[in-house]
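From first to last, the protein sequence lines stand for chains A and P. Per the working numbering, the first sequence starts with residue 1, numbered consecutively. Per the working numbering, the second sequence starts with residue 10001, numbered consecutively.
Worth flagging that the hints you see were computed from the coordinates, not collected in a lab. You may find that some hints are simply not true.
Interface residues of chain A toward chain P, partial, derived using beta-carbon atoms under 8 Å [to be verified]: (1) Thr-34; (2) Thr-56; (3) Thr-119; (4) Tyr-243; (5) Ile-245; (6) Val-323; (7) Ser-324; (8) Pro-351.
Don't be surprised by glycine CBs; every beta carbon is placed ideally from N, CA and C.
The lines below spell out each chain.
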Amino acid sequence: MSFPTILALEDGSIFYGEGFGEEKIDVGELVFNTSITGYQEIITDPSYKKQIITFTHPHIGNTGINDEDNESSLIHASGLVINKHCAKPSNWRSTKTLDKFLREQEVIAISEINTRKLTSILRDKGSLNSCIAPLSKLTAEEAILKAKDFSGLKGMDLAKVVSVKEKYIWNEGVWPANNIAIKNHPVVAFDFGIKNNILRLLSDHVGKIIVVNAETSFEEVMKLSPKGIFLSNGPGDPEPCTYAIDNIRKFLEINLPIFGICLGHQLLALAGGASTYKMKFGHHGANHPVQDLKTKEVFITSQNHGFAVDEKTLPANISASHVSLFDQSLQGIEFTDKPAFSFQGHPEASPGPQEIQTLFKKFQSMVEEYAKT
Amino acid sequence: MPRRKDIKSILIIGAGPIIIGQACEFDYSGAQACKALKEEGFRVILVNSNPATIMTDPLMADATYIEPIHWEAVEKIIEKEKPDAILPTMGGQTALNTALSLDKHGVLKKHGVILIGANREAIDKAEDRQLFDETMQAIGIETPNSGIAHSMEDAMEVQKRIGFPCIIRPSFTMGGTGGGIAYNIDEFEAICKKGLELSPTNELLIDESLIGWKEFEMEVVRDCKDNCIIVCSIENLDPMGVHTGDSITIAPAQTLTDKEYQIMRNASFKILREIGVDTGGSNVQFAINPDNGKMVVIEMNPRVSRSSALASKATGFPIAKVAALLSVGYTLDELKNDITGGLTPASFEPSIDYIVTKIPKFAFEKFPQAEPKLTTQMKSVGEVMAIGSNFQESLQKALASMEEDLNGLNSIVEKSYAECKEEILYQLTFPGPKRLFYVCDAIRAGWGLDKIYELTKIDYWFLDQLEEILNIEKFLQDTKLSDLDHEAIYSLKKKGFTDSRIAELINTTESDFRHVRKELNILPVYRRVDTCAAEFATSTCYMYSTYADQCESNPTSNKKILVLGSGPNRIGQGIEFDYCCVHASLAMQEEGYESIMVNCNPETVSTDYDVSNRLYFEPITAEKILDIIDNEKPEGVIIQFGGQTPLKLADILSERGVKILGTDVDAIDRSEDRERFQELIQKLDLKQPANATVKNISEAMIEAEKIGFPIVVRPSYVLGGRAMQLVHNLNELELYLNEAVEVSNSKPILLDSYLTDAVEVDVDVVSDGIDIQVGGILQHIEQAGIHSGDSACSLPPYSLSEEIQKEICDQSIKIGKELDILGLMNIQFAVKDDVVYIIEVNPRASRTVPFISKAIGNSLVKVASKAMIGNTLANQKFSSALPDDLYFVKEAVLPFDKFPLVDPILGPEMKSTGEVMGIGINFGEAYAKAQKGANKILPRSGTVFISVKDSDKKYLDDLLPLIQKNGFEMVATGGTASYISGLNYKVKKINKVLEGRPHTVDSLLNKEIDLVINTTEGAQSIKDSAAIRRTALQNKIFCTTTMFGAFAIMQALNGKEVDWSYKTLQELHNS
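All chains, please: the whole structure from these sequences, using the hints.
Below, the structure written as structure tokens:
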């Protein structure tokens, strides 16, 4: 079933392994994720568009793929890099193997790779562009060239690529209860690559959600009489998303409650006048300590970002609310004069720790407060 | 929040002697706590009765009390030291229970001492089953359907509701003592009856059986600001029904999706909050129904545990140290993660990029009457852990670490699979210590994974992994060494196949295979345990081997010494040897060497990453040690301190030209080889009991008559008196040779004349090669013939004349000189009628080294290690002088309560798991304290039951006046009663069990007897009287099975407990 495959990095490194999933060539930015659980959620997270994910956990595929845990309907990652692939999953919810899912979605994976060595390369050199290719299709040299040819994510607007085309309603809550929303404060969620668990949590907290395309105009959104705006996570560089940034400024002006996560957080900061930068190898994992600067409480959070907001550029009306205890980078902001806040990590978890889901409560109170007026 | 300002001094309660369910993991946690709190500037007061611990080293605390861990003793210490707080969460169940007793007796309130790390309410909520269930209900977390019983009537009611099978667990007992699974009403009654007796609160929890459910553990840490983290998740390979301490476990959990894992994680935090564990480490156990994912919580421990030691070693996150610091007010974010050099805070969750496997080690062979079955009551005596970059490697490394003649998934059945069908079926259905191997044989026999799963409920994920290994093994069996190329061997090594297993399968020798492997340049690399899956760089040298293409070990060019550890704990080789290895490592550092430790036991201090300069968490096998030596190139290797484990490697290491420090390897052979030993004794003109080595039964019969009965028989080359027995006539000898052991040319049997009623003496000497000195002379209380590890003993000797002591010293030095000892040597003597006999000589560290070191205030191991690298005893100003007018008594602690059918009688085979020290101003006081430390409460009044063998009756002449003086009434069985009456003492005759009722056992059950003196000999008599000893044990009635023990008890009763003195080691040795 497996086929000889290589992983080539733009720095010329070559790793030989066993391919599985779809026998095809793909390129992307190589990142590592240190989560022990949750590969199904990770590979279906749209934020991984154009990225190849190295899993540091040594066995991937153990629990197969089930019908409940997808974060979107597609595998967005360009490829997976694995130490040991488990072809025979064991879990009562599993309905298919990882291999089958990858083939259905036409995504390639490579196993039998020294993922620890790869991680230390990425840690030292930063994220690298890379190429996974079956040896039947490309030589090592060709694969390195492919990796070098990849333009990288800097300046790449991928949000509009993964965004939903038509708006839709979401009203289902989190697993395993999957409650249907009963509250009704129309909140519009901009889909820059939104994860299902965000929608599930929003549904549980504020009610039905109207999900719209990333480029939907301010005016069209206002026709939906929203009581709050949600800015989703998503892939790529936030800077080129000027359409979104412009929109957000308008929502800020009319004091609509706004909550942003990950890319949404970066976009909100950009709209507020701050700037963003590309990180060395980003944060990808489920064990990151983040401190609430006001209460000093520490949350273990799920993280997945390669760009970040530069704290030094925050204008006077935006305060830093959270900081990473791993590298002191900015993790959350709050407008002092508007009902708007955002978080760099993933409070919706999925995968990862759920303790900072309290942010959804905060948004809920803002929306309810606003709805009263 | 920075640390509390209102606390200046803290009393840490240790765990006491090593027992099943409570092993050296609490030395590890206690030592970490002492170090951390002392560094923070607290005055640390420590009480622990176990002298073989690192935590009782005088430098670890400001005031170290080696005293009984009993609330009365601890109160005396509180009165004297006036601590502000007590930290009870580092010493296992013993410390928690002691803290509860202190509270119950009003001691805490009276002296204004607070508990930190856990409070009374939290301990109660977690430990009291009913409260726990109610608490869980309140927060909506399911627990197994269950009920509480305080009487047999209650129990029957509950059982009706729950059905069979059901699980019974007594409250407040450690390691699940007294618990079990009942499949029918007979079993149910038996377990409940015993459980009600064992539970200090006479309480049982009866649970619905979750046999076959998946079992998980979460290691949780919480600080006073409610920051919570999971340090590690653990998944049991053996599903519910086998105590987690007896299960093969792996970390992190492998068969949960994130959604399921997070439910468990959230539940763990909720439970800690609701129970009220404000700060520190806890362990929460869950069961999950494999068919539908239903989750229930089984139990939680509001303290650091065996699992937290495992989790600490598995991740590199020092739970005990962090928990200690949290208990004094720090929060997680204020503490640094040492492993990343403080780059990251302790408030994170370790991510690991390898698999850890733990395998428990059992000692059923020591207790032939006990059924080797695993249940909810823990029975293992030790464990190994291994780290690999995948499960197969991790598992196969762990198997190699076991020292059970395993080199992988060896086949266990001895006949064809068809003939063994019933055996395999039984072993798969009723788990025993070897179930994994039977599972593998079932796979080999082609049973199919579905059938095996139905029988064992071992998750398919594990079964698939096993099957893959076995398929490869099958392939190898048809392969020759020359068929294996680089790729094939590399792939095998990546899956953890040991050199010796591969060699065995392809029918070659390990050294030939190793040669080829090295020729092909297939060498292990070493990776670092870094808590973060390589996300951050680490400078901590905590390493494991794997096969890959990047080595992170970066050996230094410093001068360095390798110390080989003692592997898994077992009866006969326990914490004492870990103590020795740690001291050797520290000594090397003090002498300016880089010390490198190799060990595979996660419970130990030696495997703490900051004890040695570098730590390799590896099996202690020739393959792995030679690999490490190739990588590190140390100046020398120390093998003297880890018991038999490293000693077994002496030959192969010296063959490969490795420099072994200390006594020449040949001295080991001269002392272990019977013929050469005899030559040695004759050459020095010393005496040993008449003996012979025999290779078949007829030879044995002839030699036995020459020697004369009684005779001690045992197989050659054993540790801890394995399979050793005392035989009194030819019949018994024949029975032994036919049934108990194998005798052959390659496995000879040793016969030794048994010196009846001789006094046994243990001596440890230290030598720098020229100057030899005696470290201490330990006089045993029980007579020669009782295994030295099971005997109580006294330092200094309490009844040996000066002349005999001098003679023993002279002989010790003579032997030491002849064997050219460099380092330590232990000699066992027997003294009979003022003649000194040599029983055995061990040119290495012995079990008694830590005990003597604590008594003389000087680490024999450090002195010996330094001597081994040229630092003379004179230069070290070594002195073995004891503090004036003090006695130090060691008492052994035995695990009979864990094995219901076993006769608790002492004999030539070692059965004890641990030891305690009692310190007193005379022998009696020291002995009494040692008894209390061993949790054996001496009766102060009442009735003594006496039944002694004929040869012991003469001792009654001297013993009876003492019994009378102490005010006891006497009852005795026929012969003994007549003898006593004959001496004109008042005695009541009582029936032996076989003489009809009411008999002795009835009286014991009716609590009409307070002290049992019962000596017996001969297989039949022992069997007939076993019920007496068993009943006494179950009913906690003090029982001695030797006359010397009886005399010691009478001496102990001379003093009053209120007069006991309590002095710190620091006071004893610094004055």
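Structure-based check of all given hints:
1. Thr-34: holds, 4 Å
2. Thr-56: holds, 4 Å
3. Thr-119: It holds, given that the least Cβ distance between A:Thr-119 and chain P is near 4 Å, below 8 Å.
4. Tyr-243: For A:Tyr-243, the interface hint is violated, since the closest Cβ of chain P sits about 33 Å away, which is over 8 Å.
5. Ile-245: Nearest chain P Cβ about 31 Å off; hint violated.
6. Val-323: violated, 11 Å
7. Ser-324: This hint is violated: A:Ser-324 lies away from chain P, its Cβ roughly 10 Å from the closest one there, beyond 8 Å.
8. Pro-351: holds, 4 Å
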